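Colleague: I would like the entire structure built from these sequences, with the hints used as guidance.
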Amino acid sequence: MRLLAGLKDPDIPQSFYILMAGRFVNLVGNSLVFPFMTIYLARRLDASMTVVGLVMTLYGLSQVAAQLIGGSLADSWGRRPVMLLALGAGAVCTLAVGLAPNPFLLIGFLVLMGLSVPLFQPASMAIVGDMVPAFKLSQSYSLMRMASNAGIIVGPMIGGFLADRSFLLVFGFDALSMAIFFVIVLVGIQEPPRQSTAVPGSAPGRMVDVVRSARAGPADRTAREAERDQEIPGGEDDDPEADGGDGAKRHRPESDGDHQHHRHDQRRGDDCYEHLHGAPRFLQGPVVGRV
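Under numbering that gives the first Met the number 0, the sequence shown has 65 at position 66, and the numbering climbs by one with no breaks.
To be clear, the hints were calculated from the coordinates, so they are not data collected in a lab.
None of the hints are false.
Here are the computed distance ranges between Cβ atoms for each label pair: (1) S75 x D163: 43 to 51 Å; (2) S71 x L185: 20 to 28 Å; (3) F160 x T49: 25 to 33 Å; (4) A149 x V182: 18 to 26 Å.
Cross-link-like lysine to aspartate or glutamate pairs, in silico, EDC-like; alpha carbons within 20 Å at most: (5) K135 x D10; (6) K7 x D129; (7) K135 x D8; (8) K135 x E190.
Keep in mind the model is a prediction, meaning the values are calculated, not measured.
Beta carbons: idealized from backbone N, C-alpha and C, even for Gly.
Modeller: Structural data, given as C-alpha cells:
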C-alpha cells in the first residue's frame, strides 16, 4: 500500500485512481470471454466456422455502432450515466449469452451485448478529460491504458482455466466484473464539471464534420489553420480610412515590417510542411497550393 501511495500523483484526483482500478477489474472480465467466443459459438450453434464468422461479424458491427452512439450519449446524458448504463446492461446481456436456451436468443443477446458493453469506452475517456487537469492528461491516459493492458493480459489466463470447466463460469465472471465496476462507479465516481475543448471561434463538432476533417489530408488542415492564423483583426478590410469615399480601396505601400511579417509567415508555412512531409519543400519539387 505504501508503494502504491508513493506512485500516486498529487495533481491527479483520487477519483481517477478509483476509475483506473475498476477499469482493470472490468478488462480482466471482458478478456475472459473474447478469446473463447468463437469456440463457444461453434459448440452452441453446432454450425460451420463460416456461420460462426458471420455471427462474429454481426457482433463486431454492433460494437462499432455502440462506440459511435456512446460518444454522443456521453455528451447529451453525461459521462457517468452512460458508464452505468453500459456496465449494468452489459452485465445482464453477458450473463444472458451464457444462459441462452436456443441459438436465436443466443445471437440476439450477443448483439445486445455488443451494443451495450462498448458504450463505456467513449464515456470513460471523456470523464478522464473532465476530471484530470489538462497538463496531466497524457500521464492519465497512459495509466488508464496500462491498467487496461494489464487486465487484457491477466484475463485470458483465468478464462482458459474456467473454460475447461464450464463456459457459463466464463460469462458469469465477466458479468460479475461489470457488476463490481458498476458499484465502483456508482459509489466512488461523481460527474465532474465539463471541460471545454472547443477551438475558440469554432462550432461544436458533428459526426459529419469529423468525417470531413478526416478525409481532408493533414496538409490541407495545416494550410487552413495557417491561413486562419494570418488573419489580423482590424486589418486593411476593416479600416475606414482605407476607403477612398467612392468604394475604391486605397493602396498602402508595404513597409519593412510588412516584408518581415510576410517572410515570417512563409517560414512558418515551410516549417509546417517539413513537419508533415519530413523534408524541406525545395527538395521535393514544385508543390501546388503552397502555404
